[in-house]
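> Sequence:
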Amino acid sequence: MINDLTLIATKPLMSLAPSVLKIAQLERLDFGLRLEGGELTDNGKLITRFSVVPIQAHRFNNYYLYQADNELRLFLTEGNQDYLIYGAQTTEKLPLALYPSTWQVALTDGLITKFINLTIPSPASE
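Heads up: the sequence shown is residues 1 to 126, going by the numbering used here.
No wet-lab data here; the hints were simulated from the structure.
Only a predicted model underlies this, so the values are computations on that prediction, with no experimental measurement involved.
The reader is advised that the hints may include incorrect statements.
Label-pair restraints from in silico Cβ distances [claimed, not checked]:
{"no.": "1", "residue 1": "L111", "residue 2": "K45", "range": "33 to 41 Å"}
{"no.": "2", "residue 1": "I112", "residue 2": "L46", "range": "31 to 39 Å"}
{"no.": "3", "residue 1": "G37", "residue 2": "Q104", "range": "24 to 32 Å"}
{"no.": "4", "residue 1": "G110", "residue 2": "E78", "range": "30 to 38 Å"}
{"no.": "5", "residue 1": "G110", "residue 2": "T77", "range": "26 to 34 Å"}
{"no.": "6", "residue 1": "E36", "residue 2": "T102", "range": "29 to 37 Å"}
{"no.": "7", "residue 1": "E78", "residue 2": "N117", "range": "18 to 26 Å"}
Just so you know, even glycine gets a beta-carbon here, dropped at the ideal spot from N, CA and C.
Kindly produce the complete structure, drawing on both the sequences and the hints.
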């Protein structure tokens, strides 16, 4: 159980962009990833069971980015750490673009596209 909620988004940069993000690149990142009945599997291996069924889930480096309701979260398999990185205005599926090499997430929330710079996470020590 997570006692303290930690935001790992640092210095979110906002830019107004009327165009919707193209999400075709997510298919390449998500090959073998499956979300069904609240269970996330990666190439047949169970990663986690969610208490709230996510709207979407994506592979992000060695971690998993998912949206549950209006929250965009990063799940670390080491130590089962789960971090809130963004609270959206809506519970609709957010258009996303992921940039794993620079640890950035771009999303469109309403009419605004936001770029979120993440810190490289380290699992909490037990």
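> Need the list of violated hint numbers for this structure, in ascending order.
none
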